[in-house]
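**Q** The lines below spell out each chain.
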Amino acid sequence: MPSRSAATWERPPPLPDGHYVSGRVYHDEQIFAEEREHIFRKVWHFVCHESEVAEAFDFRTVERADVPLLVVRGEDGHIRTFINVCSHRGARVAMEPGGNARTFTCFYHHWTYDTEGSCVSMPRPEGYDHTPIRKEDMGLREVKTDVKWGFVFVNLDDDCAPLDDFLGGALDIFDRVLPNAELEVFHYHRAEIDANWKAYQETIVDLYHEFMHVILRDTQMPAASMDDREMRTYANGHVTIAGLKADYEKYVGWGHRDDSTCFPGLEPDDARFAPLFPAQTFITRGTVMRIDTVQPVTAHKCLIESRGLGLKGESPEDRMMRIDQHNEYWGPFGRNVTEDAFAAEGCEVSFGKGAALRGIIARDEGGKGQCDSGLRGFWAEWSRRMGRPASHPTND
Amino acid sequence: MSASNDAVRELIYRSCRCLDTHDFDGYIALCAPAFRYRITVYSPELRKEMIWLNHDRDRLAALLAAVPRHLARLGSLQRNATVYTIERDGTEGPARVTSAFSVFNIDNEGRPSVFAVGHYHDTVDVGGERPLLVARNARLASRDLGIGSHVPI
Ligand code: FES
Ligand SMILES: [Fe+2]
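Chains as they are written, first to last, in numbering that gives the first Met the number 0: chain A, 0 to 395; chain B, 0 to 152.
Hints may be right or wrong, so weigh each one.
[Stated by the list, open to error] Using 25 Å as the maximum straight-line C-alpha spacing, the simulated SDA-like pairs for lysine to any residue come out as follows:
id, chain 1, residue 1, chain 2, residue 2
1, A, Lys249, B, Gly127
2, B, Lys47, A, Asp317
3, A, Lys300, B, Glu48
4, A, Lys300, A, Lys249
5, A, Lys352, B, Leu73
6, A, Lys352, B, Ser112
7, A, Lys249, B, Asp106
8, A, Lys300, B, Ala71
9, A, Lys300, B, Asn136
10, B, Lys47, A, Glu209
11, A, Lys311, B, Glu48
12, B, Lys47, A, Arg318
13, A, Lys352, B, Asp57
14, B, Lys47, B, Asn136
15, B, Lys47, A, Asp158
16, A, Lys352, B, Ile105
17, A, Lys300, B, Ala65
18, A, Lys352, B, Arg110
19, A, Lys249, B, Arg142
20, A, Lys249, B, Asp57
21, A, Lys300, B, Ser42
22, A, Lys244, B, Ser112
23, A, Lys41, A, Gly138
24, A, Lys41, A, Glu181
25, A, Lys300, B, Arg110
26, A, Lys249, A, Glu209
27, A, Lys147, B, Arg46
28, A, Lys244, B, Glu48
29, A, Lys249, B, Val66
30, B, Lys47, A, Glu181
31, A, Lys300, B, Tyr36
32, A, Lys249, B, Tyr36
33, A, Lys300, B, Arg142
34, A, Lys249, A, Lys352
35, B, Lys47, A, Arg189
36, A, Lys300, B, Asp57
37, B, Lys47, A, Lys41
38, B, Lys47, A, Glu95
39, A, Lys300, B, Pro43
Read the hints as simulated data drawn from the structure, not as lab findings.
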């Protein structure tokens with residue numbers, strides 16, 4: 000085939016809507032702003048694992064949809080979430096990424112809040128005697144919070160459907176693992192990369208890019224038939240991928256995992272993925288779990304948070320084994336994640352200013368092999384929530 | 000005769016230069032057979048110590064040898080180190096060496112940016128003809144490494 004002229008390059012591909020994505024979705028500022036309102040301020044977000052707030056008064060601070068949040072375990076053992084913004088004049092209340100505190104005193108004028116969000120003191124309150132302002136009405140804004148198998152989720156929309164309705168069974172891919180395991184986070188890192196948030200999330204749902212990763216070429220692609228794979232799409236845009244296998248010793252320098260202590264219900268070579276909409280991914284590989292979230296920063300930057308989880312109370316040897324096996328694929332020096340981030344940044348170069356007009360997501364292998372059905376599921380949900388088809392999101 | 004402090008300093012600087020230039024055989028030649036390499040960092044989120052890489056000499060050599068096969072970050076990393084202290088127990092015993100490092104990324108257009116900042120905490124065998132690294136803990140102070148790196152620091 001010859002190269003293409005402007006006319007044939009710009010012409011939409013001969014594919015149905017839903018089988019290609021307009022490049023606009025990666026750089027249009029209006030679309031970016033609407034994503035925050037229609038997606039990120041409406042969905043349930045994984046914010047942390049309960050082991051990060053294991054004891055009473057433990058807290059974590061996070062951000063979702065540009066809203067700073069304070070997740071804290073109360074004296075009663077309940078995990079609650081508040082918008083981390085002072086009721087007085089809007090300063091951020093808790094500053095540290097994590098800690099243990101019975102109360103939170105705003106640095107600015109010392110209004111103080113307890114772990115249930117009540118404003119428990121304000122200096123010289125008599126100054127408000129002539130107004131209706133009373134500390135009893137000045138608590139923090141609480142955010143809906145639910146915990147599923149130790150995963151803490153929040154939703155900024157008070158009118159949202161329950162967490163289980165949102166998940167729609169997508170996490171059940173781990174139902175042999177998670178109800179039987181008490182997990183603990185041992186790895187956390189965050190990284191801001193130069194890419195639209197969707198470009199990174201797509202690398203997780205896109206199985207066709209296995210060729211890009213040396214370790215997947217060596218360990219995963221030959222380990223099981225493409226027909227053994229099962230990619231499922233769910234309501235609300237979630238995807239699961241099961242039936243992946245890996246022969247880890249096929250990569251030079253890596254060892255067998257047969258003797259390793261696996262997560263309950265998993266074989267050492269068993270890999271399972273649950274990329275939940277919009278950008279929160281749960282992955283197990285036999286011995287270890289990874290959870291990624293992606294938050295938009297600008298249309299051209301996103302923040303990736305990545306966790307590694309092991310079994311609570313395991314021996315130091317097992318923990319070290321798990322950390323090593325986590326680090327083989329994942330973490331800032333892992334062989335795999337670095338390449339996914341590279342891919343997202345590589346697409347930003349072409350999509351970020353509009354040089355790339357479209358992406359094609361038309362592979363159909365019936366949910367097996369390297370099918371694009373997961374990508375289509377993601378984009379169908381994006382289109383539904385945005386009220387804009389991803390193939391032609393604007394009228395021009 | 001044990002290795003001089005000057006030779007110890009040269010070892011640290013040479014280790015940086017070898018990684019900068021992808022002279023991985025040269026790097027491994029600076030390491031004793033019992034070498035242990037780690038990247039560690041504290042997480043204020045988890046309030047826990049973390050290990051981001053942990054290899055003996057053979058596994059590190061295998062990891063480095065495989066680097067050219069990978070889709071690696073563009074441009075190059077450049078390590079700037081300063082040896083702060085060299086502590087010796089006796090003349091022959093291993094030296095404990097602390098150095099500050101900063102690692103810059105130079106992209107394909109020549110633009111520099113800071114990739115990582117931290118300290119090397121090294122154990123150096125100074126008993127032989129030339130000093131050898133017995134252990135390196137590359138202790139990160141910064142934690143956001145962007146897309147990360149296939150080559151350690
Ligand atoms: S802004 Fe927090 S006490 Fe004034
Ligand atoms: Fe990937």
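**Q** Hint by hint, say whether it matches the structure.
**A** Structure-based check of each hint:
{"no.": "1", "hint": "A:Lys249 - B:Gly127", "result": "violated, 37 Å"}
{"no.": "2", "hint": "B:Lys47 - A:Asp317", "result": "holds, 17 Å"}
{"no.": "3", "hint": "A:Lys300 - B:Glu48", "result": "violated, 28 Å"}
{"no.": "4", "hint": "A:Lys300 - A:Lys249", "result": "violated, 35 Å"}
{"no.": "5", "hint": "A:Lys352 - B:Leu73", "result": "holds, 20 Å"}
{"no.": "6", "hint": "A:Lys352 - B:Ser112", "result": "holds, 22 Å"}
{"no.": "7", "hint": "A:Lys249 - B:Asp106", "result": "violated, 32 Å"}
{"no.": "8", "hint": "A:Lys300 - B:Ala71", "result": "holds, 20 Å"}
{"no.": "9", "hint": "A:Lys300 - B:Asn136", "result": "violated, 31 Å"}
{"no.": "10", "hint": "B:Lys47 - A:Glu209", "result": "violated, 33 Å"}
{"no.": "11", "hint": "A:Lys311 - B:Glu48", "result": "holds, 16 Å"}
{"no.": "12", "hint": "B:Lys47 - A:Arg318", "result": "holds, 14 Å"}
{"no.": "13", "hint": "A:Lys352 - B:Asp57", "result": "violated, 45 Å"}
{"no.": "14", "hint": "B:Lys47 - B:Asn136", "result": "holds, 17 Å"}
{"no.": "15", "hint": "B:Lys47 - A:Asp158", "result": "violated, 36 Å"}
{"no.": "16", "hint": "A:Lys352 - B:Ile105", "result": "holds, 23 Å"}
{"no.": "17", "hint": "A:Lys300 - B:Ala65", "result": "violated, 30 Å"}
{"no.": "18", "hint": "A:Lys352 - B:Arg110", "result": "holds, 20 Å"}
{"no.": "19", "hint": "A:Lys249 - B:Arg142", "result": "violated, 31 Å"}
{"no.": "20", "hint": "A:Lys249 - B:Asp57", "result": "holds, 16 Å"}
{"no.": "21", "hint": "A:Lys300 - B:Ser42", "result": "holds, 23 Å"}
{"no.": "22", "hint": "A:Lys244 - B:Ser112", "result": "violated, 38 Å"}
{"no.": "23", "hint": "A:Lys41 - A:Gly138", "result": "holds, 23 Å"}
{"no.": "24", "hint": "A:Lys41 - A:Glu181", "result": "violated, 29 Å"}
{"no.": "25", "hint": "A:Lys300 - B:Arg110", "result": "holds, 18 Å"}
{"no.": "26", "hint": "A:Lys249 - A:Glu209", "result": "holds, 16 Å"}
{"no.": "27", "hint": "A:Lys147 - B:Arg46", "result": "holds, 23 Å"}
{"no.": "28", "hint": "A:Lys244 - B:Glu48", "result": "violated, 31 Å"}
{"no.": "29", "hint": "A:Lys249 - B:Val66", "result": "holds, 16 Å"}
{"no.": "30", "hint": "B:Lys47 - A:Glu181", "result": "holds, 18 Å"}
{"no.": "31", "hint": "A:Lys300 - B:Tyr36", "result": "violated, 33 Å"}
{"no.": "32", "hint": "A:Lys249 - B:Tyr36", "result": "holds, 23 Å"}
{"no.": "33", "hint": "A:Lys300 - B:Arg142", "result": "holds, 17 Å"}
{"no.": "34", "hint": "A:Lys249 - A:Lys352", "result": "violated, 40 Å"}
{"no.": "35", "hint": "B:Lys47 - A:Arg189", "result": "holds, 15 Å"}
{"no.": "36", "hint": "A:Lys300 - B:Asp57", "result": "violated, 38 Å"}
{"no.": "37", "hint": "B:Lys47 - A:Lys41", "result": "violated, 32 Å"}
{"no.": "38", "hint": "B:Lys47 - A:Glu95", "result": "holds, 14 Å"}
{"no.": "39", "hint": "A:Lys300 - B:Pro43", "result": "holds, 24 Å"}
Comparing the model with each numbered hint stated earlier shows that hints 1, 3, 4, 7, 9, 10, 13, 15, 17, 19, 22, 24, 28, 31, 34, 36 and 37 do not hold.
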